[in-house]
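Residue numbers (this note's numbering), protein chains in the order written: chain A, 28 to 522; chain B, 28 to 522.
These are calculated hints, taken from the structure and not from any lab test.
The model shown is predicted, which means the values in this text are computed figures rather than measured ones.
Check each hint, because a few of them may be wrong.
Since the list can't tell identical chains apart, any single copy or any two copies may satisfy a pair.
[As the list claims (entries may be wrong)] Quick list of in silico lysine-lysine cross-link-like pairs, DSBU-like style, CA-CA up to 35 angstroms:
{"#": "1", "residue 1": "K439", "residue 2": "K352"}
{"#": "2", "residue 1": "K87", "residue 2": "K336"}
{"#": "3", "residue 1": "K51", "residue 2": "K107"}
{"#": "4", "residue 1": "K500", "residue 2": "K465"}
{"#": "5", "residue 1": "K51", "residue 2": "K286"}
If you want the building blocks of each chain, they are given just below.
Protein chains: 2
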Amino acid sequence: MTTKTAITPTRQENFAEWYQQVVKAADMAENSVVRGCMVIKPWGYGLWENIQRVFDKRFKETGHSNAYFPLLIPLSFLEKEADHVDGFAKECAVVTHHRLVADGKGGLKPDGELEEPLIIRPTSETIIGESFAKWIQSYRDLPLKINQWCNVMRWEMRTRLFLRTSEFLWQEGHTAHADEADARAETDQMLWIYHDTMRDYLAMPTFPGAKSPSERFAGAVDTYTCEAMMQDGKAVQAGTSHYLGQNFAKAAGIQFLDKDGQQKFAHTTSWGVSTRMIGAMIMTHADDDGMVMPPRVAPAHVVIIPMLKPDTADKVLDFCHSLKKQLVEQQYYGRNIDVIVDASDDRGRGWNWIKKGVPLRIEVGAREVEQGMVSLGRRDLPHTEKRSLTVAELMACLPQELDAMHNALVAKSLERMKKGLVEISTKEEFYKFFAEGKDSTFALVHWNGDAALEASLKQELGVTTRCLPFAEKTPGKCIFTGEHSPQRVIFAKAY
Amino acid sequence: MTTKTAITPTRQENFAEWYQQVVKAADMAENSVVRGCMVIKPWGYGLWENIQRVFDKRFKETGHSNAYFPLLIPLSFLEKEADHVDGFAKECAVVTHHRLVADGKGGLKPDGELEEPLIIRPTSETIIGESFAKWIQSYRDLPLKINQWCNVMRWEMRTRLFLRTSEFLWQEGHTAHADEADARAETDQMLWIYHDTMRDYLAMPTFPGAKSPSERFAGAVDTYTCEAMMQDGKAVQAGTSHYLGQNFAKAAGIQFLDKDGQQKFAHTTSWGVSTRMIGAMIMTHADDDGMVMPPRVAPAHVVIIPMLKPDTADKVLDFCHSLKKQLVEQQYYGRNIDVIVDASDDRGRGWNWIKKGVPLRIEVGAREVEQGMVSLGRRDLPHTEKRSLTVAELMACLPQELDAMHNALVAKSLERMKKGLVEISTKEEFYKFFAEGKDSTFALVHWNGDAALEASLKQELGVTTRCLPFAEKTPGKCIFTGEHSPQRVIFAKAY
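So here's chain A without its partners, still in its complex pose (with noise of 0.2 angstroms):
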């Protein structure tokens, strides 16, 4: 190591160019050569299907089955919503042919025009409102509970690994109901889902609360977020709860024989988190040497290293790989504890294991084995700190020490949301406080709810509204109008 840190810039430094290294440091993901879209690599993807695993997991047990859709949608069907339309318009992926010919030049062109060109989805709504007007007839239908697992596709014209992207890959739940009050039921069950899961596994707190009219999903009468604050103080949407009215419904004719013997349309809703997640626990957890790896959806949760000398190399061998025998053996939320054996002769492995933020580290060599013991390493302490157990010790606190990283981890991001979190009383302050090039954080606010002044704010200064907070019920007066304002919101930059 030539610098102190294994990441270059630091987070001091220049925060949007270490994030870019800590990807890439920890392997996790890579830009494709095809324009925004993302090769997510094993170490990525690893983390993915535990974060699917988690929260397919709760979809389930709150009544939710999985089904899938077709990728592609008819331009009609995007035009039946008009706000919808409007919404992704401008960054739609359209096929408008079906085959490959020669083009003369010993290359090839499209041929076999469509006759309607398709939509790769950028979100499923109106292709699965299709079905469910097919599979919704009484009120005995309803509710339908439906959850998919898929990739989508928006046209992003500045893209981010994980963050923003032209494909990602996502769930998008969809539901139906009888009426208003069952379906908000449903929008509100959603978000506190996504908001419990990402705090109790992805060890990653959020603030839940309301969008404003204008930062809404495209088509949506009430958009719920979890509004996750970076360590640069800015802002990642980590997951969206809507409720959507009879807006769709009327769109796709979602209607049902009520028990009052009337024709009604049902109240839907959807909600969906994305590998965007990734990009935010990223920004939440990862630090200047690396990933930091909450370890209930890590992609492993020990990794071995054996310092391997000739004279001794089958010994240590043998020792770590009886050693993992033993580990996986254990259950830790739900899954066996998930151990790598790194036998590998690259030097620079402990600095790897580190950059990729595996949480225990174990060290193992001749005089460890000879002594039963083994030296531990945890990601969220300085790396230096590595404490000697003995094997029972190490199999008697393993879980105890990933749900001590877990804890550590969530307690430092609240501190940090705690400090964040300003209340600011004028609107001077706020001009202040977002001036440019200043590292800003959360603005509590007190504010009209005016539309115009909401857009000239993000014009002017680059923050938006990112919520307006359940916890806060407080009226008062707007800092830009003094106007009447029911409660406080969060002003924020955001990725």
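Assemble the complex: chain A is given as a structure, and chain B must be docked to it using the hints.
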């Protein structure tokens, strides 16, 4: 029930139409408005999730990691491997634009033409090859063993749910190796993993073997296949594993510095199974009453059907839910027993569950509750055959009962395959065997390997070589030409 069977027509009456009716009656999938794309409904997707789980486990146990690569492939990439592009050019969905704008007639039209058209992946050798070329520098980076679960698109003109759809779900394994022997060992290993997993989990034995040159994957040096025999005697290619030689490595530039200091091209493989396998499972297991779910991948193992009468309904329901609680504590092949209580007032629900193929049906009425008994039906036995058991007996026999059903399904398939594999020794017999309108099965014959002969048989009789079975090793004389034949091959009509 007005007919003797739940499905009309029966297999005997019209196999193709019976298949469609089973998929519909079991509520597994349906056609979407998008040509050739299907909607996989929860009962079908639940099956797919379990299939994914059992295959994924085997892939990971054999050292493969999951990753994710872009959906879209630049046209120029596809062109790099000549045989490959020939194989897929006629069925590619082509993205040519990246946004929509008003068409001046109140609608929208594609806009923002791309400099280079992008293809929705029909398979990912070319785009994954691009990554492999970057990731692989030295022999130390080999073998590289990656798998991807994703959707792919092949624009099919004639589609059939699960069996042949324009979009389908699959996994594609892609590996790179230092030499031919290692790559061939991988190709072989994965074929046997497919074969064994299909038999041991999907209860679907298959004929493993090699494809003839004309039936190989576009760009492969060798293709191995698992050919399943349907109840009508036709074949379904249920999974394939390809040794790609250095073809794709040369096209993508996958080179490494070997131990001997030489720069060499890697040897690559690819292998895949898809939702098509579900179509094969249906035509293997289903009967004239509907789907029969193999217990080890069934979306649910058990349905409990309470017989509710006003005065005893509460007691019966309590009994059923408490029974469910006990059952779900048990594990079967790495997963808790999955139990559905269907307390709906649908009088056809008993038949619905038969049509859906749930392995075990438990009926509970007031009398059963009093006696602490349940009535058990097993899907592969006649639906009138029910056994009366105490709860303790049921708990004790559950895994055995599921195993018994699995074994019975396997035995039935093996019996059919044994009967259906007919050794044919003359050209005349062969033509008679495959005469038009006849329900032919698999013909095992000596053939000289001539591709022109193979093509003419395909044209005349609609039969193709399905595989050169690994189990066949005896040379002989071609039944068409009298020339040398290194081993017997299987000819059959195929889906």
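Checked hints:
no.	hint	in the structure
1	K439 / K352	within (33 angstroms within a copy, 40 angstroms between copies)
2	K87 / K336	between (50 angstroms within a copy, 30 angstroms between copies)
3	K51 / K107	between (42 angstroms within a copy, 28 angstroms between copies)
4	K500 / K465	within (29 angstroms within a copy, 76 angstroms between copies)
5	K51 / K286	between (57 angstroms within a copy, 27 angstroms between copies)
When held up to the earlier numbered hints, the structure conflicts with none and fits them all.
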